[in-house]
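*Asks:* Sequence lines, in order, name chains A and B. Add 490 to the 1-based position in the first sequence for the numbering used here, that's all there is to it. Add 36 to the 1-based position in the second sequence for the numbering used here, that's all there is to it.
Be aware that a few hints might be false.
Think about it this way: if two alpha-carbon atoms lie no more than 27 Å apart in a straight line, the pair counts; the simulated DSSO-like pairs of lysine-lysine are [what the hints assert, rightly or not]:
#1 B/K76 with B/K87
#2 B/K145 with A/K609
#3 B/K87 with B/K137
#4 B/K76 with B/K162
#5 B/K76 with A/K609
#6 B/K137 with A/K609
#7 B/K145 with B/K87
#8 B/K162 with B/K145
#9 B/K76 with B/K137
Listed next, the stretches of chain A that the computed footprint assigns to chain B, with coverage defined by at least 3 CB atoms under 8 Å from CB atoms of chain B [unchecked claim]:
#10 547 to 556
#11 564 to 576
#12 601 to 611
Far from chain A by the CB rule (all over 10 Å, computed), these chain B residues [to be verified]:
#13 P52
#14 R66
#15 T70
#16 R71
#17 A80
#18 G91
#19 L117
#20 D120
#21 L122
#22 V136
#23 T139
#24 T157
#25 V173
#26 E179
#27 V186
These are computed hints drawn from the structure, not numbers from a lab. Backbone N, C-alpha and C define an ideal beta-carbon position, used for all residues, glycine too.
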Amino acid sequence: MPPLSTVTVGTHLDERTHEPSMVSLFLYNAAIWNPHRIHFDADYTTQVENHPGIVVDGPLQGDWLSQAVTEWLGDDGELVELEYSNRRAAYLGERLRAGGEVVEVDRHARTVTLRIYIKNAEDVVISPGRAVVRLAH
Amino acid sequence: MNETSEARETAGLITPEIRQWIGRSDEPQRLEVTRRDIVKYSIATQQRLDKYRRGDEAPPMFLFNAHQPLVDLDALRPDGLTVDPLLPELPLKRVMAGGVKNTYHRPIKAGDALVLTRTLTEIYEKQGASGPLIFVVYAVRVETEAGELVMEETRRRIFR
Chain A
491 MPPLSTVTVG THLDERTHEP SMVSLFLYNA AIWNPHRIHF DADYTTQVEN
541 HPGIVVDGPL QGDWLSQAVT EWLGDDGELV ELEYSNRRAA YLGERLRAGG
591 EVVEVDRHAR TVTLRIYIKN AEDVVISPGR AVVRLAH
Chain B
37 MNETSEARET AGLITPEIRQ WIGRSDEPQR LEVTRRDIVK YSIATQQRLD
87 KYRRGDEAPP MFLFNAHQPL VDLDALRPDG LTVDPLLPEL PLKRVMAGGV
137 KNTYHRPIKA GDALVLTRTL TEIYEKQGAS GPLIFVVYAV RVETEAGELV
187 MEETRRRIFR
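The shape of chain A in the complex, shown without the other chains (with noise of 0.2 Å):
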């Protein structure tokens, strides 16, 4: 990330696109133990739970926003802390995107504060959120 002398509210973190497939979303749901079938059993997800389609992950929606962070951070600092709301569902073969800008910037604490998000094709914010990282320098 730019030295903390250099960033300011409104500083954008890179938007960074997300399109999970069945095989990611497999692979992430057992990393995590995560058993549910409206990750991976479509007629189950459609017919019982009536969902148009396969579930992306709301924690792995908190994944991508945590990486917008820690992406921009790099090394030069550490996440303290991370917040987000899974608002709205998505579903597999959406095309979403993790992004965010500077809020606030403590030079004395040398915290950063940003608002975060998860947008879909639609520019909807469908996962919104607010990190909080201490810059190491």
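Given chain A, work out where chain B should sit, using these hints.
*Replies:* Here is chain B on its own, set in the frame of chain A:
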């Protein structure tokens, strides 16, 4: 918060019996963090930083779900989920992720031995666009076996 309180009173899905569960904790979960598990997680989530890809340090959301008890297949619900020992029978059955608030105190590294303690902190009801929703909130405290605080997680699940 006033809006929430009103919804609670009007829909009435949260009985006093259900409310009694608030404040309970379940059996602490012990886990050893391995480099291999971090690398698997990092591949699945397409991490880009070397410290995560090499498995030196766990990405911030690595411990999501780590508090859940590991049970045999025949103890899973029809939807695949683990029966939650920290919840009574709720009138709504379908589960969605609601969100998280994590506070990080120190990085999680390969080799760490952690203890996760989970407490049910809230159960409340809201009227959603397509019917009533029950929100369940847990607090998960992550410490090292030596008692050093590593992370605090607040997690919401939504029943619909």
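*Asks:* Would you mind marking each hint as holding or not holding in the structure?
*Replies:* Here's how the hints hold up against the structure:
As the CA atoms of B/K76 and B/K87 are separated by approximately 13 Å, the hinted pair is consistent with the 27 Å bound. For the hint linking B/K145 to A/K609, the alpha-carbon distance of about 31 Å lies beyond 27 Å, and the restraint is violated. Of the supplied pair hints, the one linking B/K87 and B/K137 holds, its CA atoms being roughly 23 Å apart against a limit of 27 Å. Of the pairs offered as hints, the one joining B/K76 and B/K162 is violated, with about 37 Å between alpha carbons and a cut-off of 27 Å exceeded.
A threshold of 27 Å between alpha carbons decides the hint, and for B/K76 with A/K609 the separation of about 26 Å falls inside it, so the pair holds. Distance restraint check for B/K137 and A/K609: the Cα-Cα separation of roughly 19 Å lies within the 27 Å cut-off, and the hinted pair is therefore satisfied. Proximity of B/K145 to B/K87 is assessed by CA-CA distance (about 10 Å); at most 27 Å being required, the pair is judged to hold. Annotation: proposed proximity of B/K162 to B/K145 is violated, straight-line Cα distance about 39 Å (limit 27 Å).
Of the supplied pair hints, the one linking B/K76 and B/K137 holds, its CA atoms being roughly 23 Å apart against a limit of 27 Å. Here's how the stretch 547 to 556 of chain A fares: 8 of its residues keep a CB closer than 8 Å to some CB of chain B, so the rule of at least three is met and the hint holds. Evaluation of the coverage hint for the stretch 564 to 576 of chain A: fulfilled, as 11 residues show C-beta separations to chain B shorter than 8 Å, against a requirement of three. Under a criterion of three residues with beta carbons nearer than 8 Å to beta carbons of chain B, the stated coverage of the stretch 601 to 611 of chain A fails, only 0 such residues being counted.
Separation of B/P52 from chain A is adequate, the least Cβ-Cβ distance of about 28 Å exceeding the 10 Å criterion. For B/R66, the requirement that its beta carbon stay farther than 10 Å from each beta carbon of chain A is met, with the minimum near 15 Å. Look at B/T70: its CB is around 12 Å from the nearest CB on chain A, clear of 10 Å, so calling it non-interface holds up. Its beta-carbon lying about 14 Å from the closest one in chain A, B/R71 satisfies the requirement of being farther than 10 Å from that chain.
For B/A80, the non-interface assignment is contradicted: its Cβ lies about 4 Å from the closest Cβ of chain A, within the 10 Å cut-off. Distance to chain A confirms B/G91 as a non-interface residue, since its nearest Cβ pair spans about 12 Å, more than 10 Å. Here B/L117 does not stay apart from chain A, with its beta-carbon only about 5 Å from theirs, under the 10 Å limit. Separation of B/D120 from chain A is adequate, the least Cβ-Cβ distance of about 12 Å exceeding the 10 Å criterion.
The beta carbon of B/L122 is kept farther than 10 Å from every beta carbon of chain A, the shortest such distance being approximately 17 Å. With a least beta-carbon separation of about 5 Å from chain A, B/V136 fails to lie farther than 10 Å from that chain, contradicting its non-interface assignment. At roughly 5 Å, the least C-beta separation between B/T139 and chain A is not larger than 10 Å, which violates its mark as non-interface. Every beta carbon of chain A lies more than 10 Å from that of B/T157, the smallest distance being close to 15 Å; the non-interface claim holds.
Look at B/V173: its CB is around 12 Å from the nearest CB on chain A, clear of 10 Å, so calling it non-interface holds up. For B/E179, the non-interface assignment is confirmed: its Cβ lies about 18 Å from the closest Cβ of chain A, beyond the 10 Å cut-off. Non-interface call for B/V186 relative to chain A: holds, since the shortest CB-CB distance, roughly 13 Å, exceeds 10 Å.
Hints 2, 4, 8, 12, 17, 19, 22 and 23 from the list above are not met by this structure, while the remaining hints are.
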